[in-house]
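**Student:** Sequences listed follow chains E and L, in order.
Using the working numbering, read the first sequence as starting at 21 and increasing by one per residue.
Using the working numbering, read the second sequence as starting at 33 and increasing by one per residue.
Just to be clear, a hint being listed does not mean it is correct.
[Stated by the list, open to error] 30 Å max Cα-Cα, derived DSS-like pairs, lysine-lysine:
no., chain 1, residue 1, chain 2, residue 2
1, L, Lys935, L, Lys812
2, L, Lys935, L, Lys892
3, L, Lys935, L, Lys667
4, L, Lys710, E, Lys103
5, E, Lys103, L, Lys935
6, L, Lys918, L, Lys892
[What the hints assert, rightly or not] Selected chain E positions facing chain L (Cβ under 7 Å, derived; list incomplete):
no., residue
7, Met21
8, Ile45
9, Thr54
10, Leu60
11, Gly82
12, Phe86
13, Asp96
14, Val99
15, Lys103
16, Val104
Simulated from the structure, these hints should not be mistaken for lab results.
The model shown is predicted, which means the values in this text are computed figures rather than measured ones.
From the three backbone atoms N, C-alpha and C, an ideal C-beta is built for every residue, glycine too.
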Amino acid sequence: MLVIHCPYCGPRPEPEFAHGGQAHIARPQDPTTTTEDDLLQFLYLRENPRGLFRERWRHARGCGRFFNAIRDTTTDFFVTTYKVGERPELPGGAA
Amino acid sequence: MKARTTAGGRVERAKKVRFTFDGRAYEGLAGDTLASALLANGVHLVGRSFKYHRPRGVLGAGAEEPNALITVIRDEARRTPNLRATQVELYDGLVAESQNRWPSLEFDVGAINSVFSPMLPAGFYNKTFMWPRSWWFKVYEPKIRAAAGLGVAATLPDPDTYAQQFVHCEVLVVGAGPAGLTAALSAASSGARVILCDEQSEMGGSLLSERNATIEGVPASEWIAKTLETLSANPRVRVLPRTTAFGYFPHNNIGLSERITDHLASPPTHLPRERLWQVRATEVVLATGGIERPLIFPGNDRPGVMLASAARTYANRYGVRVGERIAVLAGCDAAFEAALDLSAAGSTIAVIADARPAGSVDGPGILAAKAAGLRILPNATALGVTGKLRVTGVLLGIVGADGQVVSGETIACDAIVMSGGYTPSVHLHSQSRGKLSFDEALGAFVPSTTAERTRSAGFGRGVSGLMAALQDGAIIGAEAAAAAGFAGGSLTVTAQALDAALSGSPGALPQLAGPIPPAKAFIDFQNDVTTRDIALAQREGFESIEHIKRYTTTGMATDQGKTSGLNALGIVADSSNRRIAEVGLTTYRMPYTPVTFGAFAGPARGDQFDPVRRTPSHEWAVARGGVFEDVGNWKRTRFFPVGGEDMHAAVNRECVAVRSSVGMFDASTLGKIEVVGKDAAEFLNRFYVNNWSNLGVNRSRYGILCRDDGFVYDDGVIVRLAEDRFHVTTTTGGAARVFGMMEDYIQTEWHDLSVWITSTSEQWSVVAVQGPKARDVLAKLTTDIDLSAAALPHMGVARGHIGGVPTILMRVSFTGELGFEVNVPAEYGSALWEAIYAAGQEFGITPYGTEAMHVLRAEKGYIIVGQDTDGTLTPDDAGVAWAIGKTKRDFVGKSGMDRPALKAPGRKQLVGLLTDDPSVVLEEGAQVVLTPNQPIPFKMVGHVTSSYFSANLGRSIAMAVVAGGRAKMGETIYVAMPGGDIPVKVVSTVFYDPQGARLNV
């Protein structure tokens, strides 16, 4: 059971949270100019990195807020969590 | 108790305790374990091995015991198998049985396996039982499992209770041996909250087995008592005996299993049997000590062969002589110390055979043994043992200068104790993903880097010697507290002990290093793995230790390689000319020792397994014999049988009543979400496929929700209560996920919208009143709502009172009849239900359940999301494309459903099916095919989604998704069934009142 730092509530146990997949997937804004490739990227293609991963979480059984996190998939440990709209740099300057 | 010493030890000699083992009565002492009590009675034979059914005796004295697995029986329901006799505390009346033997422990038919053992090598089962393939699951595996079993669990429900507790602390100390006790003391001296747990009944660990050790100038036992007093007096310290730290979970979450009543003769009924602690510790100190390794020689598994540390524990702690005439096999200095203690307990030491290469400097243990005049045979090795159910002698060989072994003398003895050196117990460190390094001097792996905020202390990280361990614990404990923000803790301590070295060489004795290892030299006692099995695995090409482990099963299951792991590595390293460090290590898995299912389940069983949600009509329905079904966590009334009706008869009656007069239905389970804000309509425009801008206040509309991939996700009626306020209903099961999806888009996509949502599912009770007489029933209950068709048309909404209760009255229908849904604040729900039932009596109002609701909606072709759709249907596929707002620029799923593949011809579409034989009701889920009697595999073009017998139509009806279905109207296709393909005609999904005349009255 991980301890996850909700940017609004502080450290809370994992059962209070719901995982929401990869973060920073932009929803195409205008259907009239959205290409099939845009849709493919948006709907289906996801990273599965070994190492640092930006992902969405929701404090579902807490404040209900969505937020983002950088987690190391090899250790399960979080580097940081941050609010929607923010985008802190990854350690080491990676993407 | 012929093998009991006359004095000493920690048992209470005045308190006799009676128990039975395999039906025979014995006597032990308070403070005994089952193992020590059996040994005190001269009983060494306690079990049969897993695979070969070899007779086995007690090997260890604690968690490391691989052989003495027994079943403790309190009653039929309280039957605990696979307990280690070395950990079972004796109580008066204890009933224990051995396992894996028939008809008796002394004469076991299964021991025939031992005769055939050359035919039962590693991988035997995988190699032999390959044909016919279908026999594996049906015949081979069940038989093998039955033959190679351990204990048998109780079949009755567990009558005991189990508690669970979460707890936080700054420092968790695992293990209360010398290092653990000083770690707890020094950590606690800083003011930190400390938890100290130990798997044994008494704190002290290895100190409990010491004969002469002194700490701070007093005997170890006195120091332990004083230390526990200090710790117990500190309100920030929690001391947990009988508590095993079995698993190290992420972020310093440690699972502890506390055994509360297993050691009591009559457990008080108010106490739980066990408690599962989930500790979240800022810092962890692992003071887990070490486990002695057996030596590997032919017959090393015979009853009477035992670890030297165990024999020492039995002598010093329990006052039990494990033999009267004992041969000692030394692969480690500790064997000499054991010999001295066994001698002091009154046993004769027949010989100390030193199995190590000559040339090392004599340590304190050897010097003391020499001074005591014990017979020491250097350069010795064990070639075999005599005796079957108990050793009677050991055949020793002498290793010459050329490395050749010369067969020597057979020494008569009734016990053989051995020491191959000690292995630090790094299980928890390893579980926490800490790395290990091989300590060449110690001959074992020790913790190196950590992944969690954890430290090892004492012998758990290879620190040998009592004083060193005590001091290491004190330093590490203070460090841990400081790292958790509590600096300033400290402790100084001095001690004196013999301190025999604990180092050894893992692997085989010299005479086993040849090309063909002798038979029956066991590495893993619990899994019956011999040196030959390892050699065979290597011959067959298994090089990785992970592969060898799985092929031979060494180090697997409940044992997790406690006594065997390093020896297996040593042998693999020797025979492949690698260093142990190069061979690597297999993963230690949790649990350290088995944990009961009860502890994990805790109170979450029976009624408390899952929350139950009840509707306002629940009690009313129970009183009238309603039959319930589970829908999510809801209990919903499926049908209301009258006068002994079966479900079929009840549902038919309920369906006919709704269409001929009036029925009532508890629709409170529907999800409800209030959407509020100046952009509420715009939010719904973007979220649902429909257009909401043109929906008037006090009007409602059926909405379809898709995901962004264009597939139908949920549906429900949405009411506009005010310009900026909507009452959204969802499916019963979809309420939470629709709410979550709304939050997602509001929070992360559409920051420009001013809108808030609130779940109101629990705030509204809903009674659906449906049928031609529905208006007449409600007219009796309201004075302020105009129910006329002009004032309240289909999909109209009125505000007022029904039965005196504030109401949002929605004129909606999921039956195709004139219908209303009466929404009232939840606390009025059951009163409303009864009021409507009373008012409807003169019209013969009929409560109906979910089953009739399903039939009635299917008669009208109304879909149920999740039954008629499955996450792969677009609104067009489901026949509800009419709901899509055609002029909207964007909504969730618009781009998705516009993809060419989702508009291609031949997609599965929802259609109606009528069987040629009106009495045949199709099976939901059955496959649809275009032509009958096809060669296998049939080409399947869809499946039946809904199927019922319709009493109103006097025939069966069904809906199905069929590829290109709407273009096949009127055609005959088939539903493939084992009993023959059933011809069906493709029709519209609306079976009843296709013009909708009954709705608009």
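**Student:** Work down the list of hints and note, for each, if the structure agrees.
**Tutor:** Comparing the hints with the structure gives:
Distance restraint check for L/Lys935 and L/Lys812: the Cα-Cα separation of roughly 51 Å exceeds the 30 Å cut-off, and the hinted pair is therefore not satisfied. Straight-line distance between C-alpha atoms of L/Lys935 and L/Lys892 comes to about 26 Å, which keeps the hinted pair within the 30 Å bound. With a CA separation close to 40 Å, the supplied pair L/Lys935 and L/Lys667 exceeds the 30 Å bound. About 25 Å separates the Cα atoms of L/Lys710 and E/Lys103, which keeps this hinted pair within 30 Å; it holds.
Pair hint E/Lys103 plus L/Lys935 does not hold up; C-alpha atoms about 39 Å apart against a cutoff of 30 Å. With a C-alpha separation of about 25 Å, the suggested pair L/Lys918 and L/Lys892 falls inside the 30 Å cut-off, and the hint holds. Against a cut-off of 7 Å between C-beta atoms, the interface hint on E/Met21 holds, since the closest Cβ of chain L lies about 5 Å away. Among the interface hints, the one on E/Ile45 is violated; its C-beta lies about 10 Å from the nearest C-beta in chain L, farther than the 7 Å criterion.
At a threshold of 7 Å, the smallest CB-CB gap from E/Thr54 to chain L is about 5 Å, leaving the interface hint in force. Evaluation of the E/Leu60 hint against chain L yields a violated restraint, the C-beta minimum of about 9 Å exceeding 7 Å. Given hint, E/Gly82 at the interface with chain L, is violated; its Cβ is 13 Å from that chain's nearest Cβ, farther than 7 Å. A least Cβ separation of about 5 Å between E/Phe86 and chain L falls short of the 7 Å threshold, and the interface hint therefore holds.
Evaluation of the E/Asp96 hint against chain L yields a held restraint, the C-beta minimum of about 5 Å falling below 7 Å. Here the hint on E/Val99 is broken, as its CB sits about 14 Å from the closest CB of chain L, past 7 Å. Checking E/Lys103 against chain L: minimum C-beta separation of about 10 Å lies over 7 Å; hint violated. A hinted interface residue such as E/Val104 counts as satisfied when its beta carbon comes closer than 7 Å to some beta carbon of chain L; here the least separation is about 5 Å, so the hint holds.
The structure fails hints 1, 3, 5, 8, 10, 11, 14 and 15 (numbered hints given earlier, in ascending order).
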